[in-house]
Amino acid sequence: MTIHTQTGPVIVTRGLTRHFTARKQTVEAVRGLDLEIRQGELVAFLGPNGAGKSTTLRMLTTLIPPTSGSASVAGHDVVTGQREVRRAIGYVGQGNGAGHQQLGRDELVSQGRAHGLSRADARRRAQELVEELDLVAVADRKVSTLSGGQRRRLDIAMGLVHLPRVLFLDEPSTGLDPQNRANLQEQVRRLHEETGSTIVLTTHYLEEADALAGRVIVVDHGLVIADDTAARLKSGLGDLVTLAFDRADHAVVAAERAAARFDHTAYVDRDGEVVTVRATGASELAPELVTDLASAGTPVRRIEVARPTLDDVFLNLTGRSLRETAGETAPADSTEENDSETEEVAA
Amino acid sequence: MSTIVTDTVNVMSRELKPVWREPASVLFAMVQPLVFLGLFAPLLPEVPHGSALQWFVPGIVAMTCLMGASFTGAALTDEMLTGSHERLLVSPLSRSSLLVGRALKEVVPMLMQTAIILVVVTPFSFDLHLDGVLVGVAILALFSVGIGSLSFALALVSAGQEWLFWTVQQTLIFPFLLLAGMLLPLEGAPGWLQFASDLNPLTYIVEAERALFAGTWPAGTVLAGLAAAAIVAALGVSVGVRAMQRSS
Numbered sequence: 001m002t003i004h005t006q007t008g009p010v011i012v013t014r015g016l017t018r019h020f021t022a023r024k025q026t027v028e029a030v031r032g033l034d035l036e037i038r039q040g041e042l043v044a045f046l047g048p049n050g051a052g053k054s055t056t057l058r059m060l061t062t063l064i065p066p067t068s069g070s071a072s073v074a075g076h077d078v079v080t081g082q083r084e085v086r087r088a089i090g091y092v093g094q095g096n097g098a099g100h101q102q103l104g105r106d107e108l109v110s111q112g113r114a115h116g117l118s119r120a121d122a123r124r125r126a127q128e129l130v131e132e133l134d135l136v137a138v139a140d141r142k143v144s145t146l147s148g149g150q151r152r153r154l155d156i157a158m159g160l161v162h163l164p165r166v167l168f169l170d171e172p173s174t175g176l177d178p179q180n181r182a183n184l185q186e187q188v189r190r191l192h193e194e195t196g197s198t199i200v201l202t203t204h205y206l207e208e209a210d211a212l213a214g215r216v217i218v219v220d221h222g223l224v225i226a227d228d229t230a231a232r233l234k235s236g237l238g239d240l241v242t243l244a245f246d247r248a249d250h251a252v253v254a255a256e257r258a259a260a261r262f263d264h265t266a267y268v269d270r271d272g273e274v275v276t277v278r279a280t281g282a283s284e285l286a287p288e289l290v291t292d293l294a295s296a297g298t299p300v301r302r303i304e305v306a307r308p309t310l311d312d313v314f315l316n317l318t319g320r321s322l323r324e325t326a327g328e329t330a331p332a333d334s335t336e337e338n339d340s341e342t343e344e345v346a347a
Numbered sequence: 001m002s003t004i005v006t007d008t009v010n011v012m013s014r015e016l017k018p019v020w021r022e023p024a025s026v027l028f029a030m031v032q033p034l035v036f037l038g039l040f041a042p043l044l045p046e047v048p049h050g051s052a053l054q055w056f057v058p059g060i061v062a063m064t065c066l067m068g069a070s071f072t073g074a075a076l077t078d079e080m081l082t083g084s085h086e087r088l089l090v091s092p093l094s095r096s097s098l099l100v101g102r103a104l105k106e107v108v109p110m111l112m113q114t115a116i117i118l119v120v121v122t123p124f125s126f127d128l129h130l131d132g133v134l135v136g137v138a139i140l141a142l143f144s145v146g147i148g149s150l151s152f153a154l155a156l157v158s159a160g161q162e163w164l165f166w167t168v169q170q171t172l173i174f175p176f177l178l179l180a181g182m183l184l185p186l187e188g189a190p191g192w193l194q195f196a197s198d199l200n201p202l203t204y205i206v207e208a209e210r211a212l213f214a215g216t217w218p219a220g221t222v223l224a225g226l227a228a229a230a231i232v233a234a235l236g237v238s239v240g241v242r243a244m245q246r247s248s
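As you go down the protein sequences, you meet chains A and B in turn. In this text, residue positions in the first sequence follow our numbering: the first is 1, and each later residue adds one. In this text, residue positions in the second sequence follow our numbering: the first is 1, and each later residue adds one.
In short, the hints are calculated from the structure, not lab data. Treat the hints loosely; a few may be bogus.
Just the calculated beta-carbon pair ranges, DEER-fashion [said to hold, decoys possible]:
hint : chain 1 : residue 1 : chain 2 : residue 2 : range
1    : A       : ARG23     : B       : SER248    : 14 to 24 Å
2    : A       : ARG123    : B       : ASP198    : 48 to 58 Å
3    : A       : ARG14     : B       : TRP163    : 38 to 48 Å
4    : A       : GLN179    : B       : LEU183    : 54 to 64 Å
5    : B       : VAL9      : A       : ARG14     : 37 to 47 Å
6    : B       : ARG21     : A       : GLN179    : 24 to 34 Å
7    : B       : LEU183    : A       : SER118    : 49 to 59 Å
8    : A       : SER118    : B       : LEU134    : 34 to 44 Å
Even glycine gets a Cβ: it sits at the ideal position worked out from N, Cα and C.
Same shape as in the complex, but just chain B (with noise of 0.2 Å):
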């Protein structure tokens, strides 16, 4: 049991290693979610009680963080093709930190992401409740972990297939956003496209970090958007850690 948490942890270190000397890189995976932020939010309607920023700034949140962890598997297919991965598979590192400590780091980047959006909101019509904050981004920190253990599957399944990492995670992450009423509320659409927004777990967590960022707690729909995240985290790493096993 020991040597799992130490190689977790050797594992974990050398991976943040690249985010402490260059921690402007986790910009990257906000050019996007900062564009929506600047070019949506102008836009949003007066809402009688509260500010629409206030609606709006969590699913941003969840929108940098889905982003962040969907594309840290790109960086595995650079160890994959340059053959630092070989060479971590063969030294005694067990195959599950290989991937578990890959994946608990994401929660770095995402921490850091939060705090510049809510930097940069909070002068305008944000009110920074930080409690909710805190619960907020440890439901967010669950789903990283999940989200960033997909990617990486995704990286080792698409070995020697390099343009297949890209075309999934393309494809797949406007849907998954979209139905989540990240941006627009899916309060009066079609019947099918309810049911797709029900069936996604990032809809309950969009609407848990709306309730606590607000500085509300309403039981059942964070406990929902924990549940939710909880899930995917689950899911990602089973999936991830078989797809590291089977890796050569």
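Chain A on its own, in the form it takes in the complex (with noise of 0.2 Å):
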């Protein structure tokens, strides 16, 4: 069942900048950001928090306005055709969409009218989400009843109401446990292949990136630093080989022999007892590696064979790694995500 068939950018966004004051600092959440995303694609938005991955969706939902710079969304401008950027798109914010105190079906018969479906349309599509969400035994429960996967299932389900010819989700497997998330992660795939729509989610798990989007733009302060699919941001990384030793003296010598094995552009570090190369190839050698030093008489103990992570992707163009940017830039996350203390600065 591919509905939305239309082919060209379904996002484009020119110089879109957003800017917050917050306690007379300005905070430049977004700078300059050229985009554009064509339908059918499924993109994921990569970067520590505060890096501007939800400051970027909440314009690109109507949200909040650019402080300069425009962006349109399935042919319309964020701006001036709010209305009909929201007919358009589907959006699973950071909460809950369905609210609280309500059941999790009226929620979604009450979407279903906002977009102007009938009655009875609306009730039919509600079932219809409720079957393919795995919701029926909790729809006609209070949403303040459900557990933290039930209730995301649920905002997933919001969201696609209307068949929306593009979908975001900000952060959408934020607090999930790993098996919700595998879930969630296989939802969200197989309605990409259903139905065609264009989804762009925002992460800060690269697996999440890794195994769900076709294309990643990689985010850091508020700058688009990478844009490509995983594999080939990937591929010119190497992989990554750890070897440990019984003796230093052992370790030295490896290193030396692992250096001569491997061309100019491998990278060989040794750390007492420890090895590590990075290089291209270096899986398909580390067999050869390990004979090799075994007949040297410096036999390997321990052996660790990495593919390169979008995490390193990230340590390779910021000289930071995401997970420890993810924890220091923490209070720059208020600022992003909590624009209720900001005022907006006017364009």
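Starting from two chains that each stand alone, build the complex the way the hints lay out.
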């Protein structure tokens, strides 16, 4: 059931910028974003908290106006065509779309009515979504009594009531356990295949961006620092091989041998009894290296081989680890996501 | 135009669902007025003509209406915290319908609360004049739409600082009540107090309710009460719609 078959860009931004002022300090949350996203793409905005992901999403979903620059979604400007944009998009925010005092099914029907469905159609659509998202047992319960995973599925259902051309998901799996996170990703993937909707999500889970998105846009300090498929982003980085030895002098010999075996782009480091090698094709060369070292009288005691991750991509681009950065910039996060304490800066 | 109406009906019926499902929730706003009724009424002096309860009950009805409508923003605060308000802002529902639909819904708990009070007091020395009560309730309906809108506006501007909502609500509500002569007559009051009372729209509403609940129809008093309620409604809705339009 592919519903959306249009081609061409569905999201276009030109110099999209957003500033906040908090306590007389101007924070440039998003700085001159130029993007084109085509119909049917599944795109992840990846970056630490405070990078500008949510602010970008809030501009694209008409929640806040840009300070300068422009953006259009589904052919309509996010400032002058708010209502048309809202009709075309589904939005799953960081909180719960369904009111906690309401029944899940009532909220689905009410959302359908808000999008112009007749009462009967809204009921039918609610039932379809309840079944699709495995909510049959809980749809007629008060939302506040549902578990976190159930509520998140209900949120997704709320965003899908009108089969939106573009679905925005703001950190969809934050706060979910690994099992629920995997289920959610499976549902997003299936939805993308079945409807052909364009899906834009933000995440600070590398695994999520990696597993889900065809295109990863890495954002840091309000700027796009990389934009490509996950595979291509990682391709230049090489694998990481960690070798542990009984004695430090064994490790010294091994480091020399490893350096000789790989070309000059390889990166070899030794720390006590541990040698790390980062090089393209290191995974394939590792077995050979192990036998070679054994015959040289410096046997390897432990080996770990890791493919590059998006964390490595981020580290390579910024010199900082994504995980560390997420912790460090936590205060900046409140500036970005909680604009109630901040005032808008006029364009 | 028709979308505004459809949107407003949608918002209102969504807001009413929890009320129909748990009608006892309307009692929450009635706790204080019922305590006042129970503990104050026995202290009321005998009056020469008519009962003291007849004088006191319309004030309690207006107080309940004020309490209920001024609490209502708290529900929006919850929706802002949990995320459903944000979801509604991204939906095609117009901003004004998000406010007006909520404000109109306030009429329903007000009617339920008034009915409860009348059922409680009618067996005692209180005469029920149904025609007067109906007109009185219509005035209160306007008043609760206005106060409800102001309460929602307060919730919207208190975003991110939830303590602000209750602080402002609690600070304003008792002066507003007492200056309307709701519990004690303000007839021998000093000039400044009298002046403040004259500026309070609730004063005129309570006076109109007293006349109507007693089955009398002094045109000037009733029209003054109606005008005061209409002014509160117009002011409340315009402030509320503006606050909703700024919400993000």
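Hint check:
1. Distance hint check: the CB atoms of A:ARG23 and B:SER248 are about 19 Å apart, consistent with the given range 14 to 24 Å.
2. About 53 Å separates the C-beta atoms of A:ARG123 and B:ASP198, a value consistent with the hinted range of 48 to 58 Å.
3. Remark: the range hint 38 to 48 Å for A:ARG14 to B:TRP163 is upheld by a beta-carbon distance near 41 Å.
4. At roughly 59 Å, the beta carbons of A:GLN179 and B:LEU183 sit within the given window of 54 to 64 Å.
5. Distance hint check for B:VAL9 and A:ARG14: the Cβ-Cβ separation is about 39 Å, which falls inside the suggested range of 37 to 47 Å.
6. For the pair B:ARG21 and A:GLN179, the beta carbons lie near 32 Å from each other, so the given range of 24 to 34 Å is met.
7. About 51 Å separates the C-beta atoms of B:LEU183 and A:SER118, a value consistent with the hinted range of 49 to 59 Å.
8. Distance hint check: the CB atoms of A:SER118 and B:LEU134 are about 35 Å apart, consistent with the given range 34 to 44 Å.
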